[in-house]
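S.K.: Chain residues, written in single-letter form:
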Amino acid sequence: ELKVEQNPLFLSMQEGKNYTIYCNYSTTSDRLYWYRQDPGKSLESLFVLLSNGAVKQEGRLMASLDTKARLSTLHITAAVHDLSATYFCAVDATYSGAGSYQLTFGKGTKLSVIP
Amino acid sequence: GAGVSQSPSNKVTEKGKDVELRCDPISGHTALYWYRQRLGQGLEFLIYFQGNSAPDKSGLPSDRFSAERTGESVSTLTIQRTQQEDSAVYLCASSGSGLAPYNEQFFGPGTRLTVL
Chain A
32 ELKVEQNPLF
42 LSMQEGKNYT
52 IYCNYSTTSD
62 RLYWYRQDPG
72 KSLESLFVLL
82 SNGAVKQEGR
92 LMASLDTKAR
102 LSTLHITAAV
112 HDLSATYFCA
122 VDATYSGAGS
132 YQLTFGKGTK
142 LSVIP
Chain B
12 GAGVSQSPSN
22 KVTEKGKDVE
32 LRCDPISGHT
42 ALYWYRQRLG
52 QGLEFLIYFQ
62 GNSAPDKSGL
72 PSDRFSAERT
82 GESVSTLTIQ
92 RTQQEDSAVY
102 LCASSGSGLA
112 PYNEQFFGPG
122 TRLTVL
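Chains as they are written, first to last, in the working numbering: chain A, 32 to 146; chain B, 12 to 127.
Here chain B stands alone, though its shape is the one from the complex:
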């Protein structure tokens, strides 16, 4: 079946603008994650959604970052007043359930954000 999809694949914006990044998880997956990957680095956790539970926002780096998820489907990550340090690849992942015996996450292709 279809994997995790993300849009846009690339986004170039000017410093101070707001951006929205979209993630479509694998159908039926209840858990959804956002990660950030800076150039040459590993992934940093941003936020986690599980069903209708309150999201875990502990990884969001500042109040300029927010995310929403509609039920168990699409999620959007919004970055307000973008800064150059926000330039990174933003990866979305989904998994079957946070309550499963294990939590293999399936990743989307990512959105490469460049802030000029």
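Pulled out of the complex, with its shape left as it was, chain A reads as follows:
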């Protein structure tokens, strides 16, 4: 069974600071997704990482993927209040033999950026 673990689950940080959210997963996969969810809202796609060493950046967020370590990181640079949300990583379970293209999600990291 594919397991996806995120840490930390809760993160409170001051504006202007940097921090990294980690996403570990338990089986071979080179398809990893990061989503953002605002309170009471649905999920918004942030990044799609498709190969070992993939790095993508959008504004103050940068995501990377190390398939050998089964680790993805979401790095926040100079945080601003607008980044406050819950961030989920999700792994495509296909390669683990799940048989369909379901995504297995981590529990999410609730980020609060304090002005």
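Read the hints as simulated data drawn from the structure, not as lab findings.
For glycine and all other residues, C-beta sits at the position ideal for the given N, C-alpha and C.
Looking from chain A toward chain B, a few residues come up when the C-beta cut is under 7 Å (computed):
1. Ser73
2. Leu74
3. Ser76
4. Val79
5. Gly137
6. Gly139
Using the hints provided, position chain B relative to the given structure of chain A.
M.R.: Chain B only, in chain A's frame:
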């Protein structure tokens, strides 16, 4: 274009009643997924439809849960004899094709189900 839509946005029901939740995927998307999100948790996969293939029902938690999809369009998720533990947000997602190089899923706004 239009995104994934779901209805109703909120549903309050009494324990033991049946409920139907609806999802309209993005036009042209062949794959459709249902997920459940309990309060403060990540998403749990429920069921997957891909074209005319048999659906993957491996995530359905009990035989009280069922889902149908008409061709490559609307899907309904039915929960019979609802229980309080069914209270959650039910999210629908669609993607271009399960056979695509990757499978970016686009999510609807969800239906918040509360079972009293």
